[in-house]
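Q: Residue numbers (numbering that gives the first Met the number 0), protein chains in the order written: chain X, 0 to 288; chain U, 0 to 404.
Note that these hints are calculated values from the structure, not bench results.
Note that this is a predicted model, so its numbers are computed, not measured.
Hints are not guaranteed to be accurate.
[To be verified] Straight-line Cα separation of at most 27 Å, BS3-like style, residue types lysine-lysine; simulated pairs: (1) U/K309 - X/K116; (2) X/K129 - U/K273; (3) U/K298 - U/K229; (4) U/K273 - X/K57; (5) U/K171 - U/K395; (6) X/K129 - U/K232; (7) X/K116 - U/K380; (8) X/K129 - U/K200; (9) X/K129 - U/K402; (10) U/K380 - X/K129; (11) X/K57 - U/K157.
[Claimed, not checked] Facing chain X, according to a computed beta carbon distance under 8 Å, are these residues of chain U, among others: (12) V42; (13) A45; (14) A51; (15) L212; (16) D220; (17) Q242; (18) E277; (19) E280; (20) Q283.
Note that CB positions come from ideal geometry on N, CA and C, so glycine has one too.
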Amino acid sequence: MDLSIIGAATINGLLMGGIYTLVASGLTLIYGVLHIINFAHGSLLMLAMFGVYYLLMKLGIDPYLSLIIMVPAMYVLGFYLYRFLIGKLSSGKDENILLITLGLSILIENLALMFFKGDSRTISLSYTDKMIEVGPSLVALPKLISFAAAMVLCALLGLLITRTDTGKAIRAVAKERMGARLVGIDVERVFAISFGIGLATLGAAACLLMPIFYVSPTTGHVFVMVAFTVVVLGGMGSFMGAVIGGLIVGLTESFGGLFLGESLGQIGISLIFILILLFRPSGLFGAKQ
Amino acid sequence: MTTNAKLTRRLILQAGAASAALGAPGLLLAQPKPVRIGLLHPVSGALSYSGAQSRMGAMMAIDEINAAGGIKSMGGTKLEGVLGDSQSRPEVGVSEVERMHQEGVSAYVGCFASAIALPATQAAAKYNTPFMIDVGVSDAIVSRGLKNVFRLAPGNGKCVDDAFAGLAEVNKAASGIAKSAVIVHEDSEFGTSTSKMLAGKLSAIGLEVKEVLKHATPTRDFSNLVLRIKSLKPDLVIMSNYQNEYVLLARTLHQQKVDLAGMFTVLGGGFNYKFVKELPEVAQFTMDFNHWYSPRNPKSLDMRKRVEAKGDLFTFEVYCAYNAVKCYVDGLERAKTQDKEKVIAALEVSTWADHFMPYGPTKFVNGQNTGGRAVLLQASKTDIDVVWPNEFAAVKPVFPRPKFS
Numbered sequence: 000m001d002l003s004i005i006g007a008a009t010i011n012g013l014l015m016g017g018i019y020t021l022v023a024s025g026l027t028l029i030y031g032v033l034h035i036i037n038f039a040h041g042s043l044l045m046l047a048m049f050g051v052y053y054l055l056m057k058l059g060i061d062p063y064l065s066l067i068i069m070v071p072a073m074y075v076l077g078f079y080l081y082r083f084l085i086g087k088l089s090s091g092k093d094e095n096i097l098l099i100t101l102g103l104s105i106l107i108e109n110l111a112l113m114f115f116k117g118d119s120r121t122i123s124l125s126y127t128d129k130m131i132e133v134g135p136s137l138v139a140l141p142k143l144i145s146f147a148a149a150m151v152l153c154a155l156l157g158l159l160i161t162r163t164d165t166g167k168a169i170r171a172v173a174k175e176r177m178g179a180r181l182v183g184i185d186v187e188r189v190f191a192i193s194f195g196i197g198l199a200t201l202g203a204a205a206c207l208l209m210p211i212f213y214v215s216p217t218t219g220h221v222f223v224m225v226a227f228t229v230v231v232l233g234g235m236g237s238f239m240g241a242v243i244g245g246l247i248v249g250l251t252e253s254f255g256g257l258f259l260g261e262s263l264g265q266i267g268i269s270l271i272f273i274l275i276l277l278f279r280p281s282g283l284f285g286a287k288q
Numbered sequence: 000m001t002t003n004a005k006l007t008r009r010l011i012l013q014a015g016a017a018s019a020a021l022g023a024p025g026l027l028l029a030q031p032k033p034v035r036i037g038l039l040h041p042v043s044g045a046l047s048y049s050g051a052q053s054r055m056g057a058m059m060a061i062d063e064i065n066a067a068g069g070i071k072s073m074g075g076t077k078l079e080g081v082l083g084d085s086q087s088r089p090e091v092g093v094s095e096v097e098r099m100h101q102e103g104v105s106a107y108v109g110c111f112a113s114a115i116a117l118p119a120t121q122a123a124a125k126y127n128t129p130f131m132i133d134v135g136v137s138d139a140i141v142s143r144g145l146k147n148v149f150r151l152a153p154g155n156g157k158c159v160d161d162a163f164a165g166l167a168e169v170n171k172a173a174s175g176i177a178k179s180a181v182i183v184h185e186d187s188e189f190g191t192s193t194s195k196m197l198a199g200k201l202s203a204i205g206l207e208v209k210e211v212l213k214h215a216t217p218t219r220d221f222s223n224l225v226l227r228i229k230s231l232k233p234d235l236v237i238m239s240n241y242q243n244e245y246v247l248l249a250r251t252l253h254q255q256k257v258d259l260a261g262m263f264t265v266l267g268g269g270f271n272y273k274f275v276k277e278l279p280e281v282a283q284f285t286m287d288f289n290h291w292y293s294p295r296n297p298k299s300l301d302m303r304k305r306v307e308a309k310g311d312l313f314t315f316e317v318y319c320a321y322n323a324v325k326c327y328v329d330g331l332e333r334a335k336t337q338d339k340e341k342v343i344a345a346l347e348v349s350t351w352a353d354h355f356m357p358y359g360p361t362k363f364v365n366g367q368n369t370g371g372r373a374v375l376l377q378a379s380k381t382d383i384d385v386v387w388p389n390e391f392a393a394v395k396p397v398f399p400r401p402k403f404s
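When you get a sec, could you build the whole thing from the sequences and use the hints?
A: Laid out in structure tokens, this is it:
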């Protein structure tokens, strides 16, 4: 096989990995702190993408400019969703949260189907089809932007968790819930903040995805399984894990597609998922239980 | 005042009771039981857009027939659509057939996807209930000897035959510029069966198949597949897939500036007005062989206006479902009863011509309308035009398309 194709496939894999990292970073934060798997992650991403789409269509706001609206909007949505729905209904039981987020995802998807119909929507802007030469391949500018943004976003999340008081509180709650409560941390508030931040990252992901991908009520499904694989591979709760996991999954998918065909190549992702669960359940960067 | 009011209420109640006892049975007798039609479409899941469009088309036909006085030969019997959702999954399609049977449907119209239509028609065959296929192109649907299944639109065998006749003619007019092709298809029943036929027939019109590439539904990124196509340097890319993947692949081919004489689809799920509206640069010059209305029939133009006035798109799902319902109703009119056996017998000898598809009167052989045909379409930056066959063509095709370089 031509070396230039392998080089281009590597670049494609890394860029797709960046997109997976974007989607998975919020999921890993929510798991790391709340110790729950957010089944509504995909449908909330879809909701955010519709938000970006309508901001462009109705108000003419560019998707990248939408970041300043969507990130805080999704944070507020996440904060209050936890505060008034998930936190209240869960009664402190993790398994309840699991069911609530599952129910929430079904509700959101069906509401989306009712309001937006099953239609797929794509956007076309002056830069969406602009191509940049990267080594042997032509790369769409929005993909490069999303890759760079994914790396910056994960670095910012890492800084937030390690360098700020909120981050310290989040880490304290993640590590020892009771201890955190005893030293005066409002644990419920920290949970809501974490859920809010998790959704804020989805808001950012939606703004960066919309110039590349389409949105429909089922778009969440397209990414959610991959995001779970990235989180399991990288280690639940680890941002570095999300970056490395995303890139590995992106490369696996790309080379799988190249050597086995696009159809069969997708089994690589499932294979990683199973192998990690078998041999390293805590993931590459996750703390051993 | 209070007494009066009470008396008035009592009087009203008495009058109501009297009319219920005397008048209502008469009214019930005057209103024949409606003919219930099960509309089985994937209105949720991956195919939900197409499912919703199909349902809209079928309901438009039902509403139109009811507004025009119902089934005339059955004393104005009205139609009632019983809505079903296959959730884009074959097994759910089967359970919906069973549910709708319990609800007493006299016929089914569906299923948009071949993978759902295959088991759903089988399930309906147990009850010998007529099943009108609106969209669902696999030829296996009408080749299993099921007497209850009828398809107005062409199957993929006929579509592929028409596509090759059209492609050969268009290529000949361009001095045979296209000599090779790469086939890309989605890997379920629809894409696989269509691509098998394509690959088998390309050589017959002098085109070499350089490779057949398949992909899953959904696929998130087509960059590598397009790299492969680019390295093969074909003159044509021929695709057979559903909406989202079609658009994503077409966009990637455009972004990667792959020079082709033509990008050509057979039953391209995403080739529609929405594609042209949202991505005009990508859509321009793309070609598709598909179900389409006759642009020269005023009925089709009138229906397009009505659909677009509601803010919807006049996609092929809408008018295929619309005409499937009307074709069944024609059988019902001639059978003069909703008895399944008699309606099936009436459909078998159907010569219905009151549609606006580019077909002649219907003639069903083993459930397939042999007059059904696909047409070659080409997108401009603002619209979609029929470019072949000449008797329906609105404009001449742009072939080969201009190169990126």
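Q: All hints, please: hold or fail.
A: Do the hints match the structure? See the list:
1. U/K309 - X/K116: holds, 14 Å
2. X/K129 - U/K273: holds, 22 Å
3. U/K298 - U/K229: Measuring from Cα to Cα gives roughly 43 Å; hence the hint is violated.
4. U/K273 - X/K57: holds, 17 Å
5. U/K171 - U/K395: It holds: about 14 Å lies between the C-alpha atoms, which stays within 27 Å.
6. X/K129 - U/K232: holds, 22 Å
7. X/K116 - U/K380: holds, 25 Å
8. X/K129 - U/K200: violated, 37 Å
9. X/K129 - U/K402: Holds. X/K129 to U/K402 sits at ~17 Å (cutoff 27 Å).
10. U/K380 - X/K129: Holds - the C-alpha atoms of X/K129 and U/K380 are around 19 Å apart, at most 27 Å.
11. X/K57 - U/K157: Violated. X/K57 to U/K157 sits at ~43 Å, over the 27 Å cutoff.
12. V42: Holds - the Cβ of U/V42 comes within 8 Å of chain X, reaching about 7 Å at its closest.
13. A45: holds, 6 Å
14. A51: Constraint on U/A51 satisfied, holds at 5 Å.
15. L212: OK, holds: U/L212 within 8 Å of chain X, min 7 Å.
16. D220: holds, 5 Å
17. Q242: holds, 6 Å
18. E277: At 5 Å from the nearest chain X Cβ, U/E277 passes the 8 Å test, so the hint holds.
19. E280: Hint holds; U/E280 Cβ to chain X Cβ min 7 Å, cut 8 Å.
20. Q283: This hint is violated: U/Q283 lies away from chain X, its Cβ roughly 12 Å from the closest one there, beyond 8 Å.
In summary, the numbered hints that this structure violates are 3, 8, 11 and 20.
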